[in-house]
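Based on the hints, put chain Y in the right spot on chain D.
2 protein chains.
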Amino acid sequence: MIGRLNHIAIAVPDLAAAAQQYRTILGAEVGAPQDEPDHGVTVVFIQLPNTKIELLYPLGDDSPIRGFLDKNPSGGIHHMCFEVDDILAARDRLLSEGARVLGSGDPKTGAHGKPVLFLHPKDFNGCLIELEEI
Amino acid sequence: MIGRLNHIAIAVPDLAAAAQQYRTILGAEVGAPQDEPDHGVTVVFIQLPNTKIELLYPLGDDSPIRGFLDKNPSGGIHHMCFEVDDILAARDRLLSEGARVLGSGDPKTGAHGKPVLFLHPKDFNGCLIELEEI
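Taken in sequence, the protein lines are chains D and Y. Going by full-length UniProt numbering, the first residue of the first sequence is number 1, and it counts up by one from there. Going by full-length UniProt numbering, the first residue of the second sequence is number 1, and it counts up by one from there.
Keep in mind the hints are simulated off the structure, nothing from the lab. Keep in mind that a hint or two might mislead.
One copy or two, either will do: identical chains are not told apart, so a pair holds if it fits within one copy or between any two.
Unchecked claim - Here are the simulated lysine-lysine pairs, DSSO-like style, with alpha carbons at most 27 Å apart:
1. Lys114 with Lys71
2. Lys71 with Lys122
3. Lys122 with Lys52
4. Lys52 with Lys114
5. Lys108 with Lys122
6. Lys71 with Lys108
Chain D with its partners taken away, still in its complex shape (with noise of 0.2 Å):
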């Protein structure tokens, strides 16, 4: 069911610096920072030869990602996105078999502007992860 690793979310505490980091430091493809009003963050996509990363930094007083850099004020990865091809195939698997999904069931439209679902990361290891349908 699910295919490749979309990306890695690593949650940080300056964004800037992060950035520069990866830029100059690790020597990575760094883009530049994007509001997603929407979502609650703003972003920074790092381009690997095979997937991305995403440094997500809070937007607004009503981030999501708020909360996570409270408990973690180093940052962190925040979660990791797997590709499918039909994400309500995919949601009614996992509540089949006793995943839960987050929120009311229903894709939203993610940063990319396709349908995402997140799960409980009680159910997976303590990992948050996002489905995407490409």
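Only chain Y this time, still in chain D's reference frame:
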């Protein structure tokens, strides 16, 4: 400098359950458990189309992931591994930029038989980064 994401490593509290979950619920290609006594872990590799997941479970009394699981009893993402062409050049660049390499600074032989180094999480947004020479 950094190339492909070689793998994401996830520490899990129940290796058989986690492997079964990735195989049946998430429909991924999951290998057999492999003991790595030199590294204090039992590993299950999950092959995705573009990268790998490594499920890690403690092996022996002195496992380097025991403390992580004590702090994160549900499990969690333990580290991510980037490929580099020349690990000594990578290390020297990192040290010259003020980043800290864990241990002696000399590469060790990793679970795949290649030279590896780990970077200090406090220098990289709370993320443990492994570099592997490919």
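Each hint tested on the structure:
1. When the C-alpha separation of lysine 114 and lysine 71 is checked against a cutoff of 27 Å, the pair qualifies neither within a copy, at 29 Å, nor between copies, at 35 Å.
2. Proximity of lysine 71 and lysine 122 under a CA criterion of 27 Å is satisfied in both settings, with 17 Å inside one chain copy and 15 Å between copies.
3. Proximity of lysine 122 and lysine 52 under a CA criterion of 27 Å is satisfied in both settings, with 25 Å inside one chain copy and 22 Å between copies.
4. For the identical chains of this complex, lysine 52 and lysine 114 are neighbours both inside a copy (16 Å) and across copies (23 Å), given an alpha-carbon limit of 27 Å.
5. For a Cα distance limit of 27 Å, the shortest separation of lysine 108 from lysine 122 inside one copy, 21 Å, qualifies, whereas the shortest one across copies, 33 Å, does not.
6. Within a single copy, lysine 71 and lysine 108 get their C-alpha atoms as close as 26 Å, which meets the 27 Å cut-off; across copies the closest is 32 Å, which misses it.
Hint 1 from the list above is the single one not met by this structure.
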